[in-house]
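**Student:** Let the hints inform the model, and build the full structure from the sequences given.
Here the UniProt record's numbering is used: position 680 in the sequence shown is 680, and no number is missing along the way.
By construction, these hints were calculated from the structure, which means they are not laboratory data.
For every residue, glycine included, the Cβ atom is placed at its ideal position computed from N, Cα and C.
Just to be clear, a hint being listed does not mean it is correct.
Label-pair distances were calculated between CB atoms; the ranges are [as the list claims (entries may be wrong)]: (1) Arg840 with Asp222: 43 to 51 Å; (2) Val810 with Gly683: 47 to 55 Å; (3) Pro316 with Pro586: 34 to 42 Å; (4) Gly115 with Asp739: 26 to 34 Å; (5) Ala589 with Asp222: 48 to 56 Å; (6) Phe305 with Pro586: 44 to 52 Å; (7) Ser446 with Ala589: 16 to 24 Å; (8) Thr130 with Ser64: 26 to 34 Å; (9) Arg516 with Tyr575: 45 to 53 Å; (10) Ala553 with Arg516: 45 to 53 Å.
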Amino acid sequence: MERGSRKLALCGALVVLVSIAGLFSLSGNYFLAEPPIRFTSAPVPTGASFSAPKANVWADLTKSEADDILGFLVREWADLNVTSTPQNPPGNYIYSIETLQPNKSDVSSYLFDDGARPQRWAKVVLSHNTQETPSLVYHAVGPLPVSPETQVVPLIYPFHNGRHSVPNIIWDYVGMQEFLLALAENASDITTELLGARVNREDPYDPDALIAFPRMTRLGADLVYGWVQFFRPGAGSSGRTLLPQGIYARVDAGSPKTSGWTVGEWFYNGVLYADADDLRAAMGRPDFLRTPPNIDGHWTDTEDFDARPYGRDLPPPVSVQPLGPRYRLDRAERFVSWFGFEFYLAGTQATGVGVYDIRFRGERVMYELSLQEAMAHYAGDDPMAGGQEFLDSFFGMGTMAFELVPGYDCPAYAEYLGTQLHRAGRTEELVNNICLFEFTSDALLSRHTAQYSVTASRNTYLTVRSVSTVGNYDYTIDYIFYLDGAIEVKVRASGYIYGAFYANNPAKHEDEYGHRIHDALSSSMHDHVISFKADLDVAGSANDAVRMAVEPATISYPWDQPYIRERSTMHLAEYPVAREAGLEWPRNAGEFYLVYSADQRNAWGERKGYRVVSGTGMGNTPHLTIANSTVLGDSARWAEKDVWVIRQKDHEPRGADPLNYLDPLNPLLDFTRIADGESLERGRAEGEGEGEEEGDYDGDLVLYVNVGSHHVPHSGDIPNTLMHTSASSVMFLPHNFADRDPSRESVQGVRLQLKGSRSGGFAGLPPDDGAGGEDGEEEESGLRNREQTSKVEDKKTKRSDDEKEAGYRVHAGANYFGTPYTEGLHLPLDALEPDLRRYRTKETRVTDLGVNGSAAGIWVTDP
1 MERGSRKLAL CGALVVLVSI AGLFSLSGNY FLAEPPIRFT SAPVPTGASF SAPKANVWAD
61 LTKSEADDIL GFLVREWADL NVTSTPQNPP GNYIYSIETL QPNKSDVSSY LFDDGARPQR
121 WAKVVLSHNT QETPSLVYHA VGPLPVSPET QVVPLIYPFH NGRHSVPNII WDYVGMQEFL
181 LALAENASDI TTELLGARVN REDPYDPDAL IAFPRMTRLG ADLVYGWVQF FRPGAGSSGR
241 TLLPQGIYAR VDAGSPKTSG WTVGEWFYNG VLYADADDLR AAMGRPDFLR TPPNIDGHWT
301 DTEDFDARPY GRDLPPPVSV QPLGPRYRLD RAERFVSWFG FEFYLAGTQA TGVGVYDIRF
361 RGERVMYELS LQEAMAHYAG DDPMAGGQEF LDSFFGMGTM AFELVPGYDC PAYAEYLGTQ
421 LHRAGRTEEL VNNICLFEFT SDALLSRHTA QYSVTASRNT YLTVRSVSTV GNYDYTIDYI
481 FYLDGAIEVK VRASGYIYGA FYANNPAKHE DEYGHRIHDA LSSSMHDHVI SFKADLDVAG
541 SANDAVRMAV EPATISYPWD QPYIRERSTM HLAEYPVARE AGLEWPRNAG EFYLVYSADQ
601 RNAWGERKGY RVVSGTGMGN TPHLTIANST VLGDSARWAE KDVWVIRQKD HEPRGADPLN
661 YLDPLNPLLD FTRIADGESL ERGRAEGEGE GEEEGDYDGD LVLYVNVGSH HVPHSGDIPN
721 TLMHTSASSV MFLPHNFADR DPSRESVQGV RLQLKGSRSG GFAGLPPDDG AGGEDGEEEE
781 SGLRNREQTS KVEDKKTKRS DDEKEAGYRV HAGANYFGTP YTEGLHLPLD ALEPDLRRYR
841 TKETRVTDLG VNGSAAGIWV TDP
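**Tutor:** Set out below in structure tokens:
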């Protein structure tokens, strides 16, 4: 079949290729007139219109709102000569504009008490470069829309320290580039002799040239230094971070102006040299030990187009959705409804999409579930790996969330949403970078085999997905909703590792920090710790956190006497989390971390709750291995435990801030000021004389949970890390939240009645009185005859009121709960392999983590 013909493929001929082929149902033949894939913002037709019950108060700013704010600020800050776009040399300009998320107390009044809609405000980052110490500064602008009442005020309240800015050591990105280029040119004789390459000022895209990556560290007001490492560009595969070279130079950058920077020591093959001339002198000595360069080649390619193992000539199985979505979406308000779940979607430039006001079957579950920070902390025995860390919200998990690939990132039938970024005087469209879809797992939700029946329930769940590509790594972030009310947040990582140079020098200790994975490449161990905020409101905002332990016990029971004096057994013991604290996942999974409603119980008198548990993926989610990180300081203390339980406060909306990356030892947001041990006992204030704003604690608590991995890359990470080896998640599981499993009302499945109408018990029990047919012939015929089953199902939908009252009657054969597929149908090719000619992105603005890519290129975009 010609790929360009877009011919319809008969599903019946694709039984082995399509996951649900052979079970399609509708009366008569059915054709999909339109492919289900949506590349644009056009809504999927779902019949009657669907609207959110309230406005999305977390929604992104529109372009017109951002333009009005930009014009207002240029006028308001005229004395600062503020421009809407960056200039060269750098002046003062407005870097970014986005929604300032409203206070929970205001939103709760609006959502639950019919209060007024919260005022709309914007958060603005000003790049203030004309003062003595260039800084990035937060301001709040509102109320919106812009009017005579609109004002601009310092955004101080989230930070506990009266500050709203950080010094920006990378403000002069053009000067930094020039400095590093001059450094490399002055050492071109060294790099040519040792690496066989040099920088190329005339052609920055020269595939055979060198580039320089810096690692800058701020230790104090006037103490900033960094190490620069040379890399080969990896232009063919973008595998630049697999191509580090073994030469490093130290830069002393205490002055805010690059004219005051100097080059200090050089490091090569385990030896520290005083300066470049010292290295040159050593190169001339006969005992100088050289290392082989790290050369690019096909080994960094992510694709093999030529291999033809058996089976690769056939496409793999895929999932299809032939009859349209079963969820409902208000695209304007980004409100989703699916089998009892309802929630809003919104996002930020730093952290990407989050989920708000999550309810299940009408009851509150969470106010917010959103990414806070993604940290990667390295270790090694060279100047780059030895002190390298990334806080990826600084680069922008939202700004780096690019268009998804239909049929690959998401099923072909997924629905797509886009986002807008308001930065550097422009509005940028990131199209189709969020997808929403149902998916049926290969594993059942539940099943059971009995004497006369077999029952099986399909595990279908709803996923909200985005992918953030921050330099070398791609993070796939899923929010997953299950039919029983469970919620999962899951992260999978792929892309190129950030490798270290392998010198193969017995005097070095590089084998302590990774494995040799190519000629001159080491895997460079690192920890990924990724923080999510989970503001649980289990059946309301008044909640208690409890550790329910499964403990061994020795107990004497009267019914054991006199034969067994004491029995070794186990029991449950509950321990309230009485103060704000960080918890680690318990040994042997011996404790349940529960969040209970303070006053709501199910029909059996049990407190309604949700359990927080390390979810699917590679074992328990980790926390940071390094204790008291030298480079992170207090900027990421949230990474030191697995789960944090704290009070909810309006003035503590986030657990991390992207600007912490620029001043980690004096962070703008210090998590220890949030998790500071306050009481979690409801109705109790934190000590005498406490400020009124703290007041009596009402039980509204927040969890910060971490996912991630201890990543020790190996040869299988070349060229890219594999997602099934890097997945990590946390799940929030209903715990006595309902009276029974609520998925029974929404799941689709089948009960195979082998004979009669009862499930029966075990072999050897009396036969079912309702069994019909000698040797089960009638029943076997019913199992095979799907047409007969379809007629029975049709009758089921036309039952009288009396029959409905009596309930469904199980019959011999297949008894479906939920609607099954019973007839085949035709599908367009798009349903199996989307036409990627409609992929809209022509060039992706991926950061390269270099000077222009990480520090400046993210915060400054060429106008």
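**Student:** Run every hint past the structure and note whether it holds.
**Tutor:** Each hint, compared with the structure:
no.	hint	result
1	Arg840 with Asp222: 43 to 51 Å	holds, 48 Å
2	Val810 with Gly683: 47 to 55 Å	holds, 52 Å
3	Pro316 with Pro586: 34 to 42 Å	holds, 40 Å
4	Gly115 with Asp739: 26 to 34 Å	holds, 32 Å
5	Ala589 with Asp222: 48 to 56 Å	holds, 50 Å
6	Phe305 with Pro586: 44 to 52 Å	holds, 48 Å
7	Ser446 with Ala589: 16 to 24 Å	holds, 22 Å
8	Thr130 with Ser64: 26 to 34 Å	holds, 30 Å
9	Arg516 with Tyr575: 45 to 53 Å	holds, 47 Å
10	Ala553 with Arg516: 45 to 53 Å	holds, 50 Å
The earlier numbered hints are all upheld by this structure, with none contradicted.
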